[in-house]
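Undergrad: Chain by chain, the residues run as shown.
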Amino acid sequence: MKRLFMIGVTLLATQVLAGEAQPVGEDPQIEQRLNGLAEDLRCLVCQNESLAGSHADLAEDLRREIRDQMKQGKDDKQVVEYLVARYGDFVLYKPPFKPLTLVLWLGPLVFLLVGGITWWTVLKRRRAQPEGMANTQARAEAARILEGKSE
Amino acid sequence: MNKRLIPLIVFLVLAVFFAIGLTKNPREVPSPFIDKPAPAFRLPEVGNPGKTFGPEEMRGQVWMLNVWAPWCVSCRQEHGVLMQLQAQGVKLVGLNWKDKEREAAALLARLGSPYLSTVDDLDGRVGIDYGVTGTPETFVIDKGGIIRFKQTGPISEEVWKEKLEPMLKELAR
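As given, the protein sequences belong to chains A and B, one line each in that order.
Note that the numbering used here gives residue 60 to position 60 of the first sequence, counting from 1, and the numbers run on in steps of one.
All you need for the numbering used here is the position in the second sequence, starting with 1, plus 1000.
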């Protein structure tokens, strides 16, 4: 009796699982496009998650919206424009190149340039410096100390 | 200038940048709707079977579209303030975002409604058209149907006094 009950419970559990599984999208091509596009879009609720990876309610709604638009034959660019019109550039993980984002895009290059120039000038100055009096003196001192230690 | 001070200066500049960054709220995403026409919609009214509402009905008036939901805790917080505003004659329209009409109607019946009209956006599509990311959010819409301001998060008495009241007065002229 107990065994039968257990089997029954197990069977019931699998049925419940089967019932909860997400329906697979009808069109695998659209699902693939959706996932590819949603990787580069930000979920606005969990801001560090992509739209593809988020389980937030809004993310699911937005995926539904994107899916519908793709079914209507809109291309990726049109879908992204639709989202940017509503949520702003913030929805894009890759911000567009425009005056407002100049510092963002060119800042690292400027830093690299400044760093490079500094590095180069320091190296050049060091190479140009002859071994001065201080250096010779310091070396003699070091040798003396080392000798003293070894004795 | 003393060379040893350079790392300190670099550190201070960075510290100032980070300090400014910490005071910003990442939830306050700049809305692309400011100074753009409020998107049109036509939705059924909550607790008013058979009736619908669209924003064009508010033409010629300054009003606020308040996005809320019965399950939303901070909406409950601002509810008291909204009731006071309604008593002062501020025109509010509620958008019940992604929750059942029945729940919203029951809540408004129990706590009182600050809204001229409350519409039901069960599937959240109108919310998406307004770029809503959460509740509560409030849009200030002028006489010409242009969105002038978006408040993310609850309207406290402070927010009303400092931001919204002066703006509504200005727009009402």
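Don't read these hints as lab results, they were simulated from the structure.
From a predicted model like this one, the values you see are computed outputs, not experimental measurements.
Accuracy of the hints is not assured; some may be wrong.
Stated by the list, open to error - With a straight-line Cα cutoff of 25 Å, these simulated BS3-like cross-link-like pairs (lysine-lysine) come out: (1) 77/A / 1036/B; (2) 1098/B / 124/A; (3) 1098/B / 71/A.
Stated by the list, open to error - Facing chain A, according to a computed beta carbon distance under 7 Å, are these residues of chain B, among others: (4) 1025; (5) 1032; (6) 1034; (7) 1037; (8) 1040; (9) 1044.
Unchecked claim - One-sided excerpt, in silico: chain A residues whose CB lies under 10 Å from chain B: (10) 39; (11) 40; (12) 44; (13) 45; (14) 55; (15) 57; (16) 64; (17) 83; (18) 84; (19) 85; (20) 88; (21) 90.
Cβ atoms here follow ideal geometry from the backbone N, Cα and C, with glycine treated the same way.
Undergrad: Hint by hint, note whether the structure agrees.
TA: The hints, checked one at a time:
A C-alpha spacing of about 22 Å is found between residue 77/A and residue 1036/B, which places the hinted pair at or below 25 Å, so the restraint holds. With a C-alpha separation of about 66 Å, the suggested pairing of residue 1098/B with residue 124/A is violated against the 25 Å cut-off. Taking the CA atoms of residue 1098/B and residue 71/A, the gap is about 24 Å. The hint holds against a cut of 25 Å. Interface hint status for residue 1025/B: violated, as the beta-carbon distance to the closest one in chain A is roughly 11 Å, over 7 Å.
The interface hint given for residue 1032/B holds, since its Cβ lies 4 Å from the closest Cβ of chain A, which is under the 7 Å cut-off. At a threshold of 7 Å, the smallest CB-CB gap from residue 1034/B to chain A is about 10 Å, leaving the interface hint violated. At a threshold of 7 Å, the smallest CB-CB gap from residue 1037/B to chain A is about 12 Å, leaving the interface hint violated. Given hint, residue 1040/B at the interface with chain A, is violated; its Cβ is 14 Å from that chain's nearest Cβ, farther than 7 Å.
Using the Cβ-Cβ criterion of 7 Å, the hint placing residue 1044/B at the interface with chain A is not satisfied: the shortest such distance is roughly 19 Å. A distance limit of 10 Å between C-beta atoms decides the matter here; for residue 39/A the minimum to chain B is near 19 Å, and the interface restraint is violated. This hint is violated: residue 40/A has a C-beta 17 Å from the nearest C-beta of chain B, more than the 10 Å allowed. Taken as an interface hint, residue 44/A checks out: its beta carbon lies about 4 Å from the nearest beta carbon of chain B, inside 10 Å.
Using the Cβ-Cβ criterion of 10 Å, the hint placing residue 45/A at the interface with chain B is satisfied: the shortest such distance is roughly 6 Å. A cut of 10 Å between beta carbons decides the hint on residue 55/A: the least distance to chain B is about 15 Å, and the hint is violated. Hint status for residue 57/A: holds, given a least beta-carbon distance of 7 Å to chain B, under 10 Å. Of the supplied interface hints, the one on residue 64/A holds, with its beta-carbon coming within about 9 Å of a beta-carbon of chain B, less than 10 Å.
Among the interface hints, the one on residue 83/A holds; its C-beta lies about 9 Å from the nearest C-beta in chain B, closer than the 10 Å criterion. A least Cβ separation of about 7 Å between residue 84/A and chain B falls short of the 10 Å threshold, and the interface hint therefore holds. A cut of 10 Å between beta carbons decides the hint on residue 85/A: the least distance to chain B is about 6 Å, and the hint holds. The criterion of a C-beta within 10 Å of any C-beta in chain B is met by residue 88/A, whose closest approach is roughly 4 Å, and the hint holds.
Given hint, residue 90/A at the interface with chain B, holds; its Cβ is 5 Å from that chain's nearest Cβ, closer than 10 Å.
Hint compliance for this structure: hints 2, 4, 6, 7, 8, 9, 10, 11, 14 are not met, and every other hint is.
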